[in-house]
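J.: I would like the entire structure built from these sequences, with the hints used as guidance.
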Amino acid sequence: MGRHGAEPERRGRPDPADPSAGALPRASGPVFLGRFLHALDDKRRVAIPKGFREEIEAAREGADLFLVRGFDRCLWLFTGSGFRSFAADFGTLNDAGKQGHEQLRQLRRDVFSWSTKLTPDKQGRVVLPLELCERVGIGREVLFCGVDDRIEVWSPEAEEAKDDPERHRKNSRELLG
Numbered sequence: 065m066g067r068h069g070a071e072p073e074r075r076g077r078p079d080p081a082d083p084s085a086g087a088l089p090r091a092s093g094p095v096f097l098g099r100f101l102h103a104l105d106d107k108r109r110v111a112i113p114k115g116f117r118e119e120i121e122a123a124r125e126g127a128d129l130f131l132v133r134g135f136d137r138c139l140w141l142f143t144g145s146g147f148r149s150f151a152a153d154f155g156t157l158n159d160a161g162k163q164g165h166e167q168l169r170q171l172r173r174d175v176f177s178w179s180t181k182l183t184p185d186k187q188g189r190v191v192l193p194l195e196l197c198e199r200v201g202i203g204r205e206v207l208f209c210g211v212d213d214r215i216e217v218w219s220p221e222a223e224e225a226k227d228d229p230e231r232h233r234k235n236s237r238e239l240l241g
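In terms of the working numbering, the sequence shown has 186 at position 122, counting the first letter as 1, and numbering is strictly consecutive.
Among the clues, some could well be false.
Unchecked claim - Quick list of in silico lysine-lysine cross-link-like pairs, DSS-like style, CA-CA up to 25 Å:
no., residue 1, residue 2
1, K181, K107
2, K186, K107
3, K181, K114
4, K114, K186
Stated by the list, open to error - Here are the computed distance ranges between Cβ atoms for each label pair:
no., residue 1, residue 2, range
5, R148, R173, 14 to 24 Å
6, K226, R124, 27 to 37 Å
7, D128, G241, 31 to 41 Å
8, A103, R173, 24 to 34 Å
What the hints contain is simulated information worked out from the structure, not anything from laboratory work. Just so you know, even glycine gets a beta-carbon here, dropped at the ideal spot from N, CA and C.
T.: Below, the structure written as structure tokens:
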């Protein structure tokens with residue numbers, strides 16, 4: 065949607081007429097849906113979209129969130145259980161006999177040394193570290209994208225540049241049949 069679709073990109077909160085916009089509960093943890101454009105303030109604080117905060121609270125995930133440098137030009141924001149699950153995926157690689165593999169060691173360094181724990185304030189805001197934002201091109205605005213078990217945090221320009229409808233169609237056909 066957004067700049068390329070028929071529906072304008074939502075700024076701020078989800079559509080008030082749809083109480084479930086921004087999140088969909090499930091038994092195994094929160095599911096994050098939707099796109100929300102927010103501005104960073106002068107202290108680099110940004111509010112987590114309300115629908116996402118409500119989903120985290122409904123899943124009783126606690127206050128802490130984990131910010132990870134994603135594999136694309138974005139940041140990944142996980143709940144505690146989501147981050148533990150993500151970290152456990154590296155353990156399965158170790159179990160597969162790859163723990164001594166140089167690429168795996170480097171990937172672990174890249175992921176975990178650039179990760180940080182965030183605690184939202186009473187208004188639901190977090191401070192995004194300048195160095196992480198610079199690495200993915202985030203300036204004054206951030207685009208929160210719900211992606212199932214995590215929230216991706218993009219610069220609007222980087223997210224728009226990767227938006228390719230033909231790639232989407234091709235991937236859908238190849239992966240989903």
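J.: Compare the structure with each hint and give your call.
T.: Hints, one by one, checked against the model:
no., hint, result
1, K181 / K107, "holds (17 Å)"
2, K186 / K107, "holds (16 Å)"
3, K181 / K114, "holds (20 Å)"
4, K114 / K186, "holds (12 Å)"
5, R148 / R173: 14 to 24 Å, "holds (19 Å)"
6, K226 / R124: 27 to 37 Å, "holds (33 Å)"
7, D128 / G241: 31 to 41 Å, "holds (39 Å)"
8, A103 / R173: 24 to 34 Å, "holds (32 Å)"
Against the hints set out earlier in the document, no violation occurs for any number.
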